[in-house]
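Based on these hints, arrange chain W on the given structure of chain H.
If you're matching them up, the sequences are chains H and W in order.
Residue numbers for the first sequence follow the numbering used here, beginning at 28 and rising by one.
Residue numbers for the second sequence follow the numbering used here, beginning at 1283 and rising by one.
Treat the hints as calculated values from the structure; they're not laboratory data.
Fair warning: there could be bad hints in the mix.
[Unchecked claim] One side only, chain H facing chain W, incomplete, derived with CB under 10 angstroms:
| # | residue |
| --- | --- |
| 1 | T82 |
| 2 | L105 |
| 3 | E162 |
| 4 | A213 |
| 5 | F279 |
| 6 | S282 |
Idealized CB from N, CA, C, for every residue including glycine.
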Amino acid sequence: MTRIDRKFASLKAEGKKAFVAYIMAGDPDLETSLEVMKALPGQGVDVIELGMPFTDPMADGPTIQLAGQRALDGGQTLTKTLDMVAAFRKGDDTTPVVMMGYYNPIYSRGVDRFLAEAREAGIDGLIIVDLPPEEDDELCIPAQKAGLNFIRLATPTTDDRRLPKVLQNTSGFVYYVSITGITGAAAAQATDVAPEVARIKAATDLPVIVGFGITTPEAAKQIAGVADGCVVGSAIVKEIASGKSPAEVAAFAGSLAAGAHSA
Amino acid sequence: MADDLINSFMSGPDEQGRFGIFGGRFVSETLMPLILDLEAEYERAKTDESFWAEMDDLWKHYVGRPSPLYHASRLTQHLGGAKIYMKRDELNHTGAHKINNVLGQIILARRMGKTRIIAETGAGQHGVATATVCAKFGLKCVVYMGAHDVERQAPNVFRMKLLGAEVIPVTSGRGTLKDAMNDALRDWVTNVRDTFYCIGTVAGPHPYPAMVRDFQSIIGKEVRWQLAEQEGEGRLPDTVIAAIGGGSNAMGLFYPFLDDPEVKIIGVEAGGKGVDEKMEHCASLTGGRPGVLHGNRTYLLQDDDGQILEGFSISAGLDYPGIGPEHAWLHDTGRAEYVSITDAEALEAFQLSCSLEGIIPALEPSHALAHVMKIAPTLPADHIIVMNMCGRGDKDIFTVARHLGVEMNG
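Pulled out of the complex, with its shape left as it was, chain H reads as follows:
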């Protein structure tokens, strides 16, 4: 059982929806982003998704792209991102941390070395956007063997024929992408999302968390209400980009968490 599994089990016992907050590691610099990360659990954030900066984030909109660029310009590396999680773990041994990003920096480092270091740092799961089930041998299977969750994205284009393949090697939770598109683009509609979540839940016992296109506490409540929880990324990253202090950013995440928890 990973921290992710334990967290969802306890949320289920409380009858509570999950709130997942995304921030980019090293945005705008390592110290600031670590400070934001440390402040999130106290604001009610249940799971932290930590973005790994990449030069070519093909599935992300401008907000996340620019965050990655700021981080890289500030000297962020995969080593520093792993160290950041280790530093976070010194003060928090329960909040699940999921790393989200693209495959090349991991492939470049070497999959086995990365997995050992990720586990050592206290990372619980991975979301790697450009690794569909067709490429499971690359990282998904090795990650599960190393005791990390591999969280898969399901999308509006994942039809019933394909869904079993997507769910097959998924663990931790399923991340349902609410729209066809990139992060931070169109607004997610609860009426569109509800039947899709039901379709996925009929095929798996894993929690289904919905992300993309959620920006306000009200939207967080609505979307979490038709799923097991929701993820907000771009809206939080925008707060960081506008120069808000870590306390202010965390408080904003807290308002979203309160929205999701009220569902």
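Chain W in isolation, oriented as in the chain H frame:
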């Protein structure tokens, strides 16, 4: 499977879209069903006579194929060694080999009922070819082009607009060809129902590398019968040479010769200011290492942390930090040799082609020609080299003028 198939260099990719470890389908889940649909449609089309009949008709009457195989006699004499032929794909409609592939993909798009075509472009040749074929078929066309390239390739931008395409300057990232490809992928992931992504080179997720290669293979197939016609039945080239950015003109020339071991195959990468630690070049094979980008595993220019680097070349068409996965595999297996040519060497070849053969080449094939200049003098007179003159140089005259210190208003 028969022994000759196991030993063939022409049987790839495998079912996973791999050439050895290279290739694959490294895309987001949203796009996965789309590329599976495309693969299924391409598999159907491949064995459909009506598909190829339509291609042949358009290749002949719209593109002007077959392109000539031309004996460059003065260049041969000047270099004093091997006999040099040029495959004249610069004479195609739109001035480059790009249209060979675009026609195939657009016909597929029509078969699939797609009404909106998107493309990325660097120098603008693929963008122009896509805009052209879209105009011919009345399809909506959107071309993503790095903001930096929009500036340095103004004539091609205007051509695309005349042809009815919408040209979107890409400012994300560093505003180059790879960023244009990122933005095209972002468009595709957003407009999944009606949009077809027409990729311009032998890269991207499976089935693109194989499909684009198959469409471009018309180049090498023609060379086979044209050379036999001019040099006698059964005569194959001793060496085939082509320039490589993503590598589509090169795969098109090479592929039909992969299983003829007597044919030496040479790919020429853009060496920019020189392939060294300063990384001011686009030579992915000679100066990069394997990585994953834009849907496939291949050789990439990247730093120690797996972040992608910008390529650098005088030629906007070679300015890409990756290379088609089949080239990566041909490199590792040793079937093909890959070399690099600097900007300065390409400029010299450009001028030689103008003055000796009356052919103004694009800067991309000027790289291939520069390597011909290096090796031809060392080879005997009965050694036949075929180089791919894959594009004409109209688009490059301003760049060349600038490098030669000539001022032009245009």
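Structure-based check of each hint:
no., hint, verdict
1, T82, "holds, 5 angstroms"
2, L105, "holds, 6 angstroms"
3, E162, "holds, 6 angstroms"
4, A213, "holds, 8 angstroms"
5, F279, "violated, 25 angstroms"
6, S282, "violated, 28 angstroms"
In the structure shown, a violation is registered for the earlier hints numbered 5, 6, in ascending order.
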